[in-house]
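K.L.:
Going down the list, the protein sequences come from chains H and X. Using our numbering, you'd call the opening residue of the first sequence number 765 and step up by one each time. Using our numbering, you'd call the opening residue of the second sequence number 207 and step up by one each time.
Mixed in with the good hints there might be a few duds.
Taking lysine to aspartate or glutamate pairs in the EDC-like style, the calculated list, with each CA pair at most 20 Å apart, reads [stated by the list, open to error]:
{"no.": "1", "chain 1": "X", "residue 1": "243", "chain 2": "H", "residue 2": "790"}
{"no.": "2", "chain 1": "X", "residue 1": "243", "chain 2": "H", "residue 2": "960"}
{"no.": "3", "chain 1": "H", "residue 1": "973", "chain 2": "H", "residue 2": "790"}
Just so you know, the hints here were simulated from the structure itself, not pulled from any lab data.
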Amino acid sequence: MTVAIIDYGSGNLRSAAKAFERMSDEKVIVTSDPKVVEAADHIVLPGVGAYADCRAGLRAVEGMEDALQKTVIEAGRPFLGICVGMQLLATIGEEFGGTEGLDWIPGHVKAIEPDDASLKIPHMGWNELHGVDESLHPVLDDLDHGAYAYFVHSYHFVPDNKDHLLATTPYGQTITAVIGRDNIVGTQFHPEKSQETGLRLIKNFLGWKP
Amino acid sequence: MLTTRVIPCLDVKDGRVVKGVNFVGLKDAGDPVEQAKIYDAAGADELTFLDITASSDNRETMYDVISRTAEAIFMPLTVGGGVREPEDIRKLLLAGADKVSINTAAVHNPDFVKVAAEKFGSQCIVVAIDAKTVAPGKWEIFTHGGRNPTGIDAIEWAKRMVSLGAGELLVTSMDRDGTKAGFNNEMNRAIADAVSVPIIASGGVGNLDHLVEGVTLGHASAVLAASIFHFGEYTIAEAKAHMAAAGLNMRPVNDKHLDM
């Protein structure tokens, strides 16, 4: 069993890899090799920085998007997107004019516009997770309403279909914290930086059989 | 609600933790990785390492410290000190830092902040602003541990750093650092209200009321302290309980929502 953390030039992958290693007996591979992704049992797409840069970075890895299409969409293997890696699941990222995403979960990535002007952008720090449904998704097992997670972002994912919204966080408006459909989930927060909350989510993801 | 972050800062020299009073008279307060684990378990919201190693020969020691720390703790880790070029940032991030703090290099070459933010993303670029009061309501940037004046106005500088891509500002009062007299809240508020990004208040914490005032009077999004935590005067839990009792939103030390 392997976990593939996709390396496409976006940010620090070491801490993500360490968190997955801590919670799993599976081999954790940080990789830019599409063949490794095709052979993996769990696929993780991290991402930090600007949407367009991440999108271009992912496109620039030859064969990676085909590999993702095969393993995630066709074979249905469990997939986790983190931060901008989660936002890339959307139809369009609106940062700097607009960039097409993977369109795996229909929706737009929009600027956070808090109703309170004193709230800082980026939304940075520990905020509460609010479940949007009584029956939470398996990746949220044992993470009750109000558990804290670490966020750092200026844009957030607004899904077209509210059924894809799994958890939110309050920041002057309702911010998407966790999104998902079928075998695909994404977290706006950083589970690898969210201490017990994040490690629990990683463990849940690795044990999830969608 | 977004919570106020409490950030212990570890000054690290040649791989060992030290903390000075006004940057002289350093005391050894232990191994950074062990301290990081203690703060992780104690409920710190982030951790900052400030590398005060003078010689670049010993830089490799710091990468090793960061790497071992990143394996042991799962909260944001910021590393500052001696960050001069993109390659320094790349190495620190690869070692396991989540954010880097740029100080003197930004003063010498402001475009470095722009280059760094474009290359690595604003989310990991903290600009450290060391400032001193030069007249009532007027603060100036100083470098080299507060020794060298630059003639740069602190508020104008803060705005410029944010426009170049700083994702966060670490604002240290060089008048207050090590004095235990409290943050310079007037300066912090002037800076915080002038920029869109969060500021971290630093320099001068002597008691828990100072932490509260950093937020209520200084408008900081996070408070950073060293000595009061390192030498056991207060625990992170006591700090957070005190701040919560004063009406601030704090992440509980023992997250009761979790059943692991």
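K.L.:
So which of those numbered hints doesn't the model satisfy?
P.N.:
Hint 1 contradicted; others consistent.
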